[in-house]
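Asker: Residues per chain are reported as follows:
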Amino acid sequence: MLVVNQALAHPQGVPLATEAPLDYWDALASTAGHRQAFLPPTGGTVYGTLLNHRDALAALGDQVNVAPYKAPPQAPILYIKPRNTVIGHRVPVVVPGDAPELEIGATLGIVIGRTASNVPADGALEFVAGYTVVNDISVPHASFYRPSMRFKCRDGFCPIGPAVVARALVPDADALDITVAIDGEIVQRSSTAGLVRPIPRLIADVTEFMTLYPGDVLMVGVASGAPRARAGQTVTIAIQGVGRLENTLVAAARGVA
Amino acid sequence: MKRARVAYGGAIHDATEHPAGLQLADGRVLAEEAVVWLPPFEVGTVIALGLNYADHVKELAKELTVTTKDEPLAFLKSRGALIGHRGQTRRPADVKFMHYECELAVIIGRAAKGVRREDAMQYISGYSVANDYAVRDYLENYYRPNLRVKNRDTCTVLGPWLVDAADVPTPHDLQLRTLVNGVVTQKGCTRDMISDIPALIEYLSSFMTLGVGDVILTGTPDGVVNVNVGDVVVTEIDGIGRLTNTIVGDAEFGR
Chain E
113 MLVVNQALAH PQGVPLATEA PLDYWDALAS TAGHRQAFLP PTGGTVYGTL
163 LNHRDALAAL GDQVNVAPYK APPQAPILYI KPRNTVIGHR VPVVVPGDAP
213 ELEIGATLGI VIGRTASNVP ADGALEFVAG YTVVNDISVP HASFYRPSMR
263 FKCRDGFCPI GPAVVARALV PDADALDITV AIDGEIVQRS STAGLVRPIP
313 RLIADVTEFM TLYPGDVLMV GVASGAPRAR AGQTVTIAIQ GVGRLENTLV
363 AAARGVA
Chain A
18 MKRARVAYGG AIHDATEHPA GLQLADGRVL AEEAVVWLPP FEVGTVIALG
68 LNYADHVKEL AKELTVTTKD EPLAFLKSRG ALIGHRGQTR RPADVKFMHY
118 ECELAVIIGR AAKGVRREDA MQYISGYSVA NDYAVRDYLE NYYRPNLRVK
168 NRDTCTVLGP WLVDAADVPT PHDLQLRTLV NGVVTQKGCT RDMISDIPAL
218 IEYLSSFMTL GVGDVILTGT PDGVVNVNVG DVVVTEIDGI GRLTNTIVGD
268 AEFGR
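Just so you know, the protein sequences line up as chains E and A, in that order.
If you're matching positions, the first sequence starts at 113 in the working numbering and goes up one per residue.
If you're matching positions, the second sequence starts at 18 in the working numbering and goes up one per residue.
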């Protein structure tokens with residue numbers, strides 16, 4: 113298995129080989145000398161997709177028909193994780209002093225390889241460079257109406273990686289098992305199967321109004337029942353054939369938000 | 018100083034204001050119409066404010082489920098939506114209400130985290146004019162205002178200039194206005210912001226690190242009206258710039 117676009121936050125800042133066996137990263141991550149941190153494997157804008165898992169939408173039930181929502185979502189509901197949120201594999205996540213627990217949003221990230229504008233679903237995958245693992249972290253909040261940026265845009269709230277796995281090596285990205293483990297114990301199992309908009313349809317509907325550029329990441333959406341974690345715990349998100357993203361939560365220094 | 022980034026003669030150039038139009042870094046003096054204007058600096062995170070002028074809140078109040086607030090309504094846009102001065106913005110054929118928003122853009126000049134209100138202005142490198150279009154037909158009640166409304170390609174116009182902060186002594190006393198085909202349709206003053214610039218920097222930097230090139234679009238006053246294909250829309254802020262944009266139809270984009 114091959115990975116691409118990978119670099120380590122090595123003391124000399126030296127990027128490692130651009131292609132290496134996926135197992136290699138696991139082996140590397142477990143050697144004492146390289147436990148510190150990876151750089152994020154992507155450099156573009158990171159977009160999230162809300163309620164794109166059928167079960168996540170179903171969990172809202174009839175709420176979608178009453179205020180404040182008044183109707184089920186029609187177009188893809190997107191949001192942006194700004195650049196201050198993006199960190200790599202094994203970089204610690206600081207838990208803000210005002211949030212006892214953080215919500216762990218495990219999702220597959222589509223990494224764009226070619227400029228995609230008004231792309232039809234049929235053929236959309238040709239615009240995909242590969243896939244990666246994303247942890248879309250939030251301060252828990254109940255409403256999707258107009259959530260404050262405070263909930264999703266804290267520094268370090270979007271771990272990505274360890275690597276981008278080339279599309280050719282992921283034969284069916286719409287059927288990948290995802291697990292979330294906290295301190296080694298699996299707390300959530302989900303899958304990319306059963307998306308409201310499977311990956312080609314999502315790319316088509318997004319690029320109808322908004323161009324995606326090489327290096328941009330489009331998260332396919334988080335399943336219902338996102339687990340929560342606290343400072344001191346280690347969160348590992350594993351996506352079959354794509355990678356295992358691990359980050360430890362640490363408490364903020366006193367007086368730091 | 019007023020700075021711009023333009024395309025001319027097969028390359029991208031830094032430029033500054035000149036009595037005849039603009040001057041490229043290599044010395045060439047050109048007319049405004051001779052170049053392609055780009056957003057005037059390398060743009061990082063784009064943060065926009067909803068409902069930051071009291072009169073605009075009143076204007077939209079009918080559709081709001083919140084009428085008072087103690088936290089600024091900030092949302093994010095992406096760089097991909099940006100175009101420069103004298104650009105073209107697409108109006109989809111099937112919509113009924115697409116409107117401009119004239120906004121003062123505040124550009125961050127150094128990394129800002131946990132900044133106090135009294136220190137906030139030191140983190141600003143300069144100002145620009147933004148025209149932040151919205152297509153209200155696409156508004157849905159999830160993550161308002163959703164990206165299909167506010168983050169469409171060509172729908173965030175920025176420029177023409179980045180004006181150095183030192184040259185803008187009174188950013189909270191600037192008149193702003195929009196003209197559609199030469200007729201003034203929107204007027205306001207930056208003194209009427211609900212959350213002023215130091216408050217916005219203090220608020221945002223309380224939970225996120227603002228980086229060099231990050232932009233805060235500080236909201237728009239009362240007076241947004243629908244625009245149609247062929248309209249020339251000028252958003253103007255005294256001392257900052259006059260930003261021109263033309264509305265075009267789907268055919269220009271092969272739709």
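Source of the hints: derived by calculation from the structure; they are not laboratory data.
It is possible that part of the hints are untrue.
[Claimed, not checked] Label pairs and their calculated CB-CB ranges:
#  : chain 1 : residue 1 : chain 2 : residue 2 : range
1  : A       : 87        : E       : 213       : 22 to 30 Å
2  : E       : 257       : A       : 42        : 31 to 39 Å
3  : A       : 133       : E       : 363       : 22 to 30 Å
4  : A       : 113       : E       : 255       : 25 to 33 Å
5  : A       : 228       : E       : 342       : 23 to 31 Å
6  : E       : 298       : A       : 42        : 52 to 60 Å
7  : E       : 362       : A       : 128       : 43 to 51 Å
8  : E       : 257       : A       : 272       : 25 to 33 Å
9  : E       : 363       : A       : 267       : 32 to 40 Å
10 : E       : 204       : A       : 138       : 27 to 35 Å
[Stated by the list, open to error] Simulated coverage check for chain E against chain A, where a stretch passes if three residues somewhere in it have a Cβ under 8 Å from a Cβ of chain A:
#  : stretch
11 : 186–197
12 : 256–266
13 : 275–287
14 : 291–302
15 : 319–327
In this text, all values refer to a predicted model and were calculated from it rather than measured experimentally.
By construction, the Cβ of each residue, glycine as well, lies at the ideal position given by its N, Cα and C atoms.
Asker: Determine for every hint whether it applies to the structure shown.
Answerer: Tested hints:
1. In this structure the supplied range 22 to 30 Å holds for residue 87 of chain A paired with residue 213 of chain E, their Cβ-Cβ distance being about 24 Å.
2. For residue 257 of chain E and residue 42 of chain A, the Cβ-Cβ distance of about 47 Å falls outside the hinted range of 31 to 39 Å, so the restraint is violated.
3. Range check, residue 133 of chain A to residue 363 of chain E: Cβ separation about 23 Å, and the 22 to 30 Å hint holds.
4. Checking the proposed 25 to 33 Å range against residue 113 of chain A and residue 255 of chain E shows it holds: the Cβ atoms sit about 28 Å from each other.
5. In this structure, residue 228 of chain A and residue 342 of chain E meet the distance hint of 23 to 31 Å, their C-beta atoms being roughly 29 Å apart.
6. In this structure the hint that residue 298 of chain E and residue 42 of chain A lie 52 to 60 Å apart at CB holds, the actual value being about 58 Å.
7. Between residue 362 of chain E and residue 128 of chain A the Cβ separation comes to about 21 Å, which falls outside the hinted range of 43 to 51 Å.
8. Range check, residue 257 of chain E to residue 272 of chain A: Cβ separation about 31 Å, and the 25 to 33 Å hint holds.
9. For the hinted restraint 32 to 40 Å between residue 363 of chain E and residue 267 of chain A, the CB-CB distance of approximately 52 Å leaves it violated.
10. Judged by the Cβ atoms, the range 27 to 35 Å given for residue 204 of chain E and residue 138 of chain A holds: they are separated by roughly 33 Å.
11. Only when three residues or more bring their CB closer than 8 Å to a CB of chain A does the claim for the stretch 186–197 of chain E stand; here the count is 11, and the claim holds.
12. Given a C-beta distance limit of less than 8 Å, the hint that chain A covers the stretch 256–266 of chain E holds, as 9 residues qualify and 3 suffice.
13. Restraint check on the stretch 275–287 of chain E versus chain A: 0 residues with Cβ-Cβ distances below 8 Å, three needed, restraint violated.
14. Counting residues of the stretch 291–302 of chain E whose beta carbon lies closer than 8 Å to any beta carbon of chain A gives 0, which falls short of the minimum of three for the stated coverage.
15. For the stretch 319–327 of chain E, the proposed coverage by chain A is satisfied: 5 residues have a C-beta within less than 8 Å of a C-beta in that chain, meeting the threshold of three.
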